[in-house]
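Read off the chains here:
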Amino acid sequence: MSLLEEGIASAAGVGVSATRPDGKEKARGDFLFSNDLSSEDMLWGQTLRSPYPSAKIRKIDFSQALAMDGVHAILTADDVPGENIFGLEHPDQPVLAFDLVRYVGEPVAIVAANHPEVAKKAADAIYVDYEELDPLVNSQKAIKAAPIHPEGNIIRHLVIKHGDPDAIGNIIVEGEYEVGMQDQAFLGTESGIAFPSADGGVDLHISTQWLHSDKDQVASALNLPDDLVRVTLAGVGGAFGGREDVSMHVHLCMLAMHTGRPVKMVYDRNESFLGHVHRHPAKIWFRHSADESGLLVKVEAKVVLDGGAYASTTSAVLANACCFSVGPYRVPNAVIEGWGVRTNNPPCGAMRGFGNVQTCFAAEAQMDKLAKALSLDPVEFRLLNALETGDTLITGQEITGTAPVKEVLTSLAEYPLPEPIKSGLLDLPGGTGRTTDKSHVKRGVGYAASIKNLMFSEGFDDFSEARCIISDGEVLIKSACVEVGQGFVTLVGQIVEETLGITDATILPVDTSIGSAGSTSASRQTWMSGGAVLKACEAVVNALIIDLSSENGVAYDKSGLNLVSKDGSHSIDIATALQGRNYDEHVTHRHKRTFPLDHNGQGNAHVSFAFAAHRAVVDVDEELGLVRVVEIATSQDVGRVLNPVQARGQIEGGIAQGLGLALLEDLVLNNGKILNANFTDYLLPTSMDIPPIKIASLIEQSEPGAPFGAKGIGEPPVISSTPAIISAVRNATGKKLNRVPIKPEDLVF
Amino acid sequence: MGNAQESNQYELTVNDSRYVISGAWLGESLLYVLRERLGLYGSKNACEQGECGSCSVMMDDVLVCSCLVLAANAEGREIKTIESVADGSQLSDVQEAFIDTGAIQCGFCTPGLLVTIHDFLASNPEPEESEIKEAISGNLCRCTGYGRIVEAVQLVSIRRSERDT
Numbered sequence: 001m002s003l004l005e006e007g008i009a010s011a012a013g014v015g016v017s018a019t020r021p022d023g024k025e026k027a028r029g030d031f032l033f034s035n036d037l038s039s040e041d042m043l044w045g046q047t048l049r050s051p052y053p054s055a056k057i058r059k060i061d062f063s064q065a066l067a068m069d070g071v072h073a074i075l076t077a078d079d080v081p082g083e084n085i086f087g088l089e090h091p092d093q094p095v096l097a098f099d100l101v102r103y104v105g106e107p108v109a110i111v112a113a114n115h116p117e118v119a120k121k122a123a124d125a126i127y128v129d130y131e132e133l134d135p136l137v138n139s140q141k142a143i144k145a146a147p148i149h150p151e152g153n154i155i156r157h158l159v160i161k162h163g164d165p166d167a168i169g170n171i172i173v174e175g176e177y178e179v180g181m182q183d184q185a186f187l188g189t190e191s192g193i194a195f196p197s198a199d200g201g202v203d204l205h206i207s208t209q210w211l212h213s214d215k216d217q218v219a220s221a222l223n224l225p226d227d228l229v230r231v232t233l234a235g236v237g238g239a240f241g242g243r244e245d246v247s248m249h250v251h252l253c254m255l256a257m258h259t260g261r262p263v264k265m266v267y268d269r270n271e272s273f274l275g276h277v278h279r280h281p282a283k284i285w286f287r288h289s290a291d292e293s294g295l296l297v298k299v300e301a302k303v304v305l306d307g308g309a310y311a312s313t314t315s316a317v318l319a320n321a322c323c324f325s326v327g328p329y330r331v332p333n334a335v336i337e338g339w340g341v342r343t344n345n346p347p348c349g350a351m352r353g354f355g356n357v358q359t360c361f362a363a364e365a366q367m368d369k370l371a372k373a374l375s376l377d378p379v380e381f382r383l384l385n386a387l388e389t390g391d392t393l394i395t396g397q398e399i400t401g402t403a404p405v406k407e408v409l410t411s412l413a414e415y416p417l418p419e420p421i422k423s424g425l426l427d428l429p430g431g432t433g434r435t436t437d438k439s440h441v442k443r444g445v446g447y448a449a450s451i452k453n454l455m456f457s458e459g460f461d462d463f464s465e466a467r468c469i470i471s472d473g474e475v476l477i478k479s480a481c482v483e484v485g486q487g488f489v490t491l492v493g494q495i496v497e498e499t500l501g502i503t504d505a506t507i508l509p510v511d512t513s514i515g516s517a518g519s520t521s522a523s524r525q526t527w528m529s530g531g532a533v534l535k536a537c538e539a540v541v542n543a544l545i546i547d548l549s550s551e552n553g554v555a556y557d558k559s560g561l562n563l564v565s566k567d568g569s570h571s572i573d574i575a576t577a578l579q580g581r582n583y584d585e586h587v588t589h590r591h592k593r594t595f596p597l598d599h600n601g602q603g604n605a606h607v608s609f610a611f612a613a614h615r616a617v618v619d620v621d622e623e624l625g626l627v628r629v630v631e632i633a634t635s636q637d638v639g640r641v642l643n644p645v646q647a648r649g650q651i652e653g654g655i656a657q658g659l660g661l662a663l664l665e666d667l668v669l670n671n672g673k674i675l676n677a678n679f680t681d682y683l684l685p686t687s688m689d690i691p692p693i694k695i696a697s698l699i700e701q702s703e704p705g706a707p708f709g710a711k712g713i714g715e716p717p718v719i720s721s722t723p724a725i726i727s728a729v730r731n732a733t734g735k736k737l738n739r740v741p742i743k744p745e746d747l748v749f
Numbered sequence: 001m002g003n004a005q006e007s008n009q010y011e012l013t014v015n016d017s018r019y020v021i022s023g024a025w026l027g028e029s030l031l032y033v034l035r036e037r038l039g040l041y042g043s044k045n046a047c048e049q050g051e052c053g054s055c056s057v058m059m060d061d062v063l064v065c066s067c068l069v070l071a072a073n074a075e076g077r078e079i080k081t082i083e084s085v086a087d088g089s090q091l092s093d094v095q096e097a098f099i100d101t102g103a104i105q106c107g108f109c110t111p112g113l114l115v116t117i118h119d120f121l122a123s124n125p126e127p128e129e130s131e132i133k134e135a136i137s138g139n140l141c142r143c144t145g146y147g148r149i150v151e152a153v154q155l156v157s158i159r160r161s162e163r164d165t
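If you read the protein sequences in the order shown, they are chains A and B. Per the numbering used here: the first sequence = residues 1 to 749. Per the numbering used here: the second sequence = residues 1 to 165.
Please note: incorrect hints may appear among the correct ones.
As the list claims (entries may be wrong) - Label-pair restraints from in silico Cβ distances: (1) 434/A - 90/B: 22 to 28 Å; (2) 26/B - 124/A: 35 to 41 Å; (3) 670/A - 27/B: 44 to 50 Å; (4) 37/B - 424/A: 54 to 60 Å.
What the hints assert, rightly or not - DSS-like cross-link-like pairs, simulated, lysine-lysine; straight-line CA separation at most 27 Å: (5) 133/B - 24/A; (6) 133/B - 438/A; (7) 80/B - 442/A; (8) 735/A - 369/A; (9) 694/A - 80/B; (10) 438/A - 694/A; (11) 133/B - 743/A; (12) 438/A - 735/A; (13) 673/A - 121/A; (14) 743/A - 694/A; (15) 80/B - 422/A; (16) 80/B - 24/A; (17) 24/A - 120/A; (18) 133/B - 80/B.
These aren't lab readings, by the way, just hints derived from the structure by calculation. The structure displayed is predicted, hence computed values, not measured ones. From the three backbone atoms N, C-alpha and C, an ideal C-beta is built for every residue, glycine too.
Isolated chain B (complex conformation):
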């Protein structure tokens, strides 16, 4: 906060890059630091109280709401954000499926959902529809009514099984 007594220095590891955060107020959330200090604006701030999932990131392979994590407490953790989901210019299969099925409208919830769904499909590659709905129930979407999003996950599951056989 521009107040020397509250300033400190800490390191974050985000998408395999290390960042030194200095001169920052220690009350800043991981979401704020990702966005406003590191310029990683893909994680979104829709509720900032852990209800909407728009800020979802992986922290040591665990799905978390980055709005509920103090950035300084994330020191030493491996943070993965939406910016790490594509491989360079190559979109992930979930990202492709979102475009193909019309799962994106305004797109504000999209990054959080993509992080959530990648995590979900890693542990449940051939989910039932009810399992998909439960997996994304912590991610609010106001545009789509979720139908195209569920279909995107189903499409990924089908494409992955076709690819593997």
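Excised from the complex, chain A in its bound form:
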């Protein structure tokens, strides 16, 4: 049901469609994004990047560039004060290249000047003498090729062996699949400003996903003690994983400290494509077998992820790709082998869906093939094998939380299909181009389902800190949780209202003066930082109860938003009781412990799982290779809906990115160089590409251990929407379509 039908919510608290507290500023254009910051006496930074995928740096001569009018500094690897190495999970990437460049776009030198155009011209005037080397650009060859990095080419090799390796079902299907390189393409490019401070430290204001990870990496590279690097969140124009890694952070701080002036840097769109990690391209082989009753017997897979030149989060992405390779199904026997490798392609790392996306595309194609081989309806076949609570994953982990896979599939299949093919001008593939007519158009329907792990896995100590400060009845919340657009700021107000009965909580500046909230990624912040805020508010209530009890000489209990004395003589609501009082409760919230995978890929490595299913309906003009997505319907396992409008926004936005991977978004590489690093040639879905998105059902089964019983909802919409669309196109055309995004020629030939 749409908001127009439901009416606009005015209530607050958890479960209603509270509106964004930053909505007014954002609508007015007053909200300060990281590129809107400026300062008196500010300089502009610029990065010189490698034009080659692999080359030795023989010499850098910047004397002419430095002599240019308006240029204040040019710094190279020689000027990095501390460790010239950084990395999100593991330091393996130079802040500035010193001996070799390993990908097109690798930073080599940085410039500060009085105008951005001067800075660009100065960067162009730096002479770098390169000796070009043969680049390694084939991920499969990288496994055995000569190393391009001191740590070798294999970032991680992961084997999962589960059940009987010799088991095999009678019905066998096999396939090879490929996923292209998708970009997060957040609209606000990387930007920030660094201020040198009088204490010898630096203040960095930047758009990011994880302030404390940034701080640690910057401090190490600058050789500064922890407390002299202060990172403050500046307004974030979208993230989707692409801001989890350090980009310009160290460069900005180096330039600011060197010049003694504030330095601002804004990547242009081309540089943004070069300056952040992408979704890992994948090559995947699968063999699935089932018995004649339609039960899965075994899944075998080989997965190669192209990590590009540096590790970033490749190790964790590979774990997801392998652990969840078989999808949300009961698989008694599995042999999965994965490699995350280094090549001289652009580095890859986190993007929404994080490894699950790649193998889900391939595995769901396999599930369709098996259903066909068994003469079973694709949904019926999936239902036969759907995971339930108490089932065991191929990693040996038992699902102890909720697992409503059957519910998402059944509710989706029951949802009515859209009207038959229409012939209106905007209804046919090609739209107003009027390239086709109804008689040439075929309709297809496809289903896919997915599983996503929530939060960090494999033994990582995952936590979030929060403070709830009561200052004369006013509520202030302090957390380092990054708002990237997902609506955490809305949720904070809802939690405060739900627990304290007070509206208009103030969120204090998001910075490193409190402990880490972890990354805004992995569908984790509602659970982790939402949980921390909830605990902090509850701690305030507990402190208030103790004070009231001692003041009045009678014990109090909490009853909803009221505090009632045990003898029933006194009752006061929490908000009133907090008037004139001051509290400051600081808490740390952790999820249940996880463990590393053993040498057979077995272990309780993950916290919780969310499930989704998607159904795509497409119209295809096969002669012209045109696809029009008519409708996408979805059901999703959400635990509990905390804000219906924001939930819908996550689902619609995620599906749009899944559609992009299915049909449009592909960074095209030639010998390691991106050929389409701009919005003219890298095609993002526009409003004309996105069909009506129907939510068949949001399954609300409270997840044990989750604050409010809610599961993260950001990632599942991306994961199975892509395979559902491709399944529908296969259904319409009979084509194999083993690579996404599909292209017109895949349909025509």
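Fit chain B to the known structure of chain A by using the hints.
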């Protein structure tokens, strides 16, 4: 660029205020000058090649991408930016609808969309859904999948017709 030979002086009329731009490089785009010289940061720079609509402004009542206009060429034109859409502290009905329907997530595309939609609704007060989608197809949004944005426009259309009857 701090180079006297390339410096010049020109005037801009933005949101009914006149500004003298002096000592600036003449190669600066209108978007750059609005943002970095006039401090009007509401117009956004997402692609700077006319593909994303984030920098949309009105120039003599025509919707343009300010990244594609040379600031010095905008002399004598009436420029209206996102900063002129609200009436003081009173948000416009489109701005209100964006908040109500959840059309804002990160908000980076929001100013450009609001300028575009105000222009669109002025000429088409009761649009079909397909017309709304076409009208905003030059504005990229990466967060929302456009569903809430289309609904915001529909909500404005309904509220305006209710107000007028």
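Query raised in the report: Range hint 35 to 41 Å: satisfied by the CB atoms of residue 26/B and residue 124/A?
Result: Roughly 20 Å apart at Cβ, these two residues miss the hinted range, so it is violated.
**Report entry** Given hint residue 24/A paired with residue 133/B - CA-CA distance at most 27 Å
**Finding:** 24 Å, holds
Query raised in the report: Does the alpha-carbon distance linking residue 24/A and residue 120/A stay inside the 27 Å limit?
Result: Roughly 36 Å between the alpha carbons, so the hint for residue 24/A and residue 120/A is violated.
**Report entry** Given pair status - residue 694/A, residue 438/A, alpha carbons within 27 Å
**Finding:** 24 Å, holds
Query raised in the report: Is the hinted pair residue 80/B and residue 24/A satisfied, with a Cα-Cα distance of at most 27 Å?
Result: 19 Å, holds
Requested in this report: Assess, step by step, whether the Cα of residue 133/B is no farther than 27 Å from the Cα of residue 743/A, and give holds or violated.
Outcome: It holds: about 24 Å lies between the C-alpha atoms, which stays within 27 Å.
Query raised in the report: Is residue 438/A within 27 Å of residue 735/A, Cα to Cα?
Result: 20 Å, holds
Query raised in the report: Does the Cβ-Cβ separation between residue 434/A and residue 90/B fall within 22 to 28 Å?
Result: Cβ of residue 434/A to Cβ of residue 90/B: about 44 Å, so the range 22 to 28 Å is violated.
**Report entry** Given pair status - residue 80/B, residue 133/B, alpha carbons within 27 Å
**Finding:** 23 Å, holds
Requested in this report: Take a quick look at whether residue 80/B and residue 422/A sit within 27 Å of each other, Cα to Cα.
Outcome: 41 Å, violated
Query raised in the report: Regarding the pair residue 743/A and residue 694/A, is the alpha-carbon distance no greater than 27 Å?
Result: Given that 27 Å is the threshold and the Cα spacing comes to 26 Å, the pair holds.
Report task. Could you grab the alpha-carbon distance between residue 673/A and residue 121/A and see if it respects the 27 Å cut-off? Result -> Holds, at about 22 Å.
In this structure, the hints that do not hold are numbers 1, 2, 3, 4, 7, 9, 15 and 17, in rising order.
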